[in-house]
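Number of protein chains: 2
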Amino acid sequence: MRTNFTYTKIALAAIFSLLASSVSAQQKASKVSLPKLSMADILKSSQASDWRVLNPDNTLYLEMEKGRVVIELAPEFAPKNVANIKALVKEGYFDGLAMIRSHDNYVAQWGDPGEKREFKNAAKKVEGEFTVKYKNDAPFTRLPDVDGYAPQVGHVNSFAAARDPKTQTTWLTHCYGAIGVARGNETDSGNGSSLYAVTGHAPRNLDRNITVVGRVMYGIELLSSLPRGTGALGFYEKPEERTLIKSVRIAADVPEAERIKLEVLRTDTANFKALVEAQRNRGGDWYKFAANHIELCNVPIPVRVVK
Amino acid sequence: MRTNFTYTKIALAAIFSLLASSVSAQQKASKVSLPKLSMADILKSSQASDWRVLNPDNTLYLEMEKGRVVIELAPEFAPKNVANIKALVKEGYFDGLAMIRSHDNYVAQWGDPGEKREFKNAAKKVEGEFTVKYKNDAPFTRLPDVDGYAPQVGHVNSFAAARDPKTQTTWLTHCYGAIGVARGNETDSGNGSSLYAVTGHAPRNLDRNITVVGRVMYGIELLSSLPRGTGALGFYEKPEERTLIKSVRIAADVPEAERIKLEVLRTDTANFKALVEAQRNRGGDWYKFAANHIELCNVPIPVRVVK
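Just so you know, the sequences run in chain order V and B. With UniProt numbering, the residue at position 203 of the first sequence is 203, and numbering never jumps. With UniProt numbering, the residue at position 55 of the second sequence is 55, and numbering never jumps.
Worth flagging that the hints you see were computed from the coordinates, not collected in a lab. A portion of the hints provided could be inaccurate.
If chains are identical, the list can't say which one is meant, so a pair holds when it fits in one copy or spans any two.
As the list claims (entries may be wrong) - When the alpha-carbon atoms are kept at most 20 Å apart in a straight line, the in silico EDC-like pairs for lysine to aspartate or glutamate are as follows: (1) 66 / 240; (2) 124 / 256; (3) 288 / 188; (4) 44 / 277; (5) 66 / 241.
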């Protein structure tokens with residue numbers, strides 16, 4: 001039902017925006033101005049080197065009845081938490097668990113509803129990695145656009161991120177599709193056994209308050225379209241409302257034939273810079289007012305399925 | 001299934017954020033610091049005068065099999081478009097039509113999939129009202145927080161809005177739940193017969209490019225959890241994928257007994273200012289880092305069901 005439904009398709013589609021059904025061929029034919037390059041144009045002109053293959057060692061396949069959600073982890077931003085999540089995956093911790101929460105305009109969260117499943121090798125407590133130190137020569141494609149939540153925002157290795165030069169710290173931001181490690185009040189009370197994906201307007205207030213470990217690269221719509229939970233915080237009230245997680249696997253542990261080959265647009269290229277500009281000031285005949293701005297979480301980071 | 005599931009519940013819930021299932025009673029008991037007021041505290045202390053009843057003449061009930069979506073229109077921002085939408089509703093235009101599009105992290109859109117339904121009294125073309133003029137003494141509760149998309153942002157009559165003092169224009173912003181009038185390339189090609197609701201990260205790039213007429217005040221989760229369309233732009237490819245719209249009615253035309261009484265928090269009060277501050281710098285034991293900022297579309301505008 002959702003074959004080939006990728007972020008790329010969504011992102012491409014977004015630029016065409018909100019066509020009324022009454023757009024006539026005549027209107028389309030009346031195009032006279034030379035439009036600026038659109039995002040679609042820029043992606044068309046991209047070279048193989050503008051894309052990178054997801055790292056199978058850091059890629060998770062979360063399998064549900066309706067399909068596969070693909071998450072790429074970013075160990076450079078949360079080495080201890082990523083290591084523990086991978087340990088949990090390797091011991092089969094998530095297999096047979098469930099989506100336990102769908103909180104509208106916020107997050108979908110999964111884990112063990114009964115809180116009874118035992119840990120084998122994974123740690124019960126992992127230090128929160130809300131920010132990490134960076135070195136001056138660390139890669140960072142900075143956005144020139146103002147941001148209220150961080151001194152600097154931009155992209156690192158195809159992840160949306162922010163930095164504070166004063167403290168020399170960096171962190172992944174809570175944009176749509178970001179994956180975080182649920183925790184209690186103590187900063188080391190999370191361990192990766194319950195994870196959430198952002199499925200609403202970016203809750204950037206969570207930045208620097210919780211560990212972000214990666215991003216959904218494919219299949220986010222399987223999480224964002226889950227029925228909302230009617231309990232407090234969007235938790236499901238009845239077991240039958242929960243969606244089964246058949247399994248979670250590391251891509252590298254899955255036979256090649258069963259993998260999905262995804263490439264994400266690199267964010268340290270001229271192509272990406274052009275794409276951001278095309279979104280900051282949209283080309284085409286539809287837009288009448290140029291925003292001359294793009295907010296970090298409105299920057300698309302296209303993913304494509306490679307045959 | 002979603003009785004009493006309101007924005008208020010969602011908004012209240014949001015402040016408790018992402019509890020890991022492992023929060024122990026012991027951790028809760030270790031609370032020693034006096035927390036700042038939370039949003040829940042502030043709402044508890046609100047007076048009757050801090051709320052306003054939705055105007056039944058400008059409130060739409062969109063009825064689907066799974067329940068009712070309630071939209072409040074803001075004629076002061078789009079008088080011609082709101083008048084035409086109300087004319088369409090009064091002539092029964094939407095009854096039996098469908099949700100035609102669910103575009104992940106963007107919008108849900110409804111209208112006539114066949115584009116064959118006739119207009120009776122409503123106009124086929126309505127001038128776009130992307131911005132409107134405002135007077136210096138027009139009410140506007142300005143947010144002090146920086147915004148990249150507009151010179152000034154804030155709230156008018158419980159709607160998120162922006163202003164440009166240079167041009168003395170104001171407009172409703174594309175925050176989550178905003179309702180807009182789909183159009184083609186021509187600015188007068190929309191007429192309200194196809195409307196969309198924002199169901200993803202605020203596409204503020206649409207601001208000043210299309211007419212925003214109001215906001216979903218209740219039942220947004222019925223739109224945001226729709227299965228995503230697999231066609232271009234998230235349109236449904238097969239008729240059976242579409243969700244029926246049983247009817248759309250103006251609340252004032254619905255018998256009192258069948259109405260749902262909703263109140264929205266007023267945004268021109270000290271209570272609202274306190275609420276915004278409680279969200280800008282969160283109270284409680286969970287938050288470790290104070291954002292000292294709130295983005296316009298992260299400001300909750302609570303709605304409550306009155307018995």
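How the hints compare with the structure:
Taking the closest pair of Cα atoms, residue 66 and residue 240 come within 20 Å of each other both inside a single copy (16 Å) and across two copies (18 Å). Proximity of residue 124 to residue 256 under the C-alpha cut-off of 20 Å is found in neither arrangement, the shortest distances being 32 Å within a copy and 55 Å between copies. For the homomeric pair residue 288 and residue 188, the shortest alpha-carbon distance between copies (12 Å) is at most 20 Å, but the shortest distance inside one copy (49 Å) is not. In this assembly of identical chains, residue 44 and residue 277 lie within 20 Å of each other by CA distance solely inside one copy; the values are 15 Å within and 45 Å between copies.
With identical chains, the CA atoms of residue 66 and residue 241 are at most 20 Å apart both within one copy (15 Å) and between copies (15 Å).
The structure fails to meet hint 2 from the earlier list, while all remaining hints are met.
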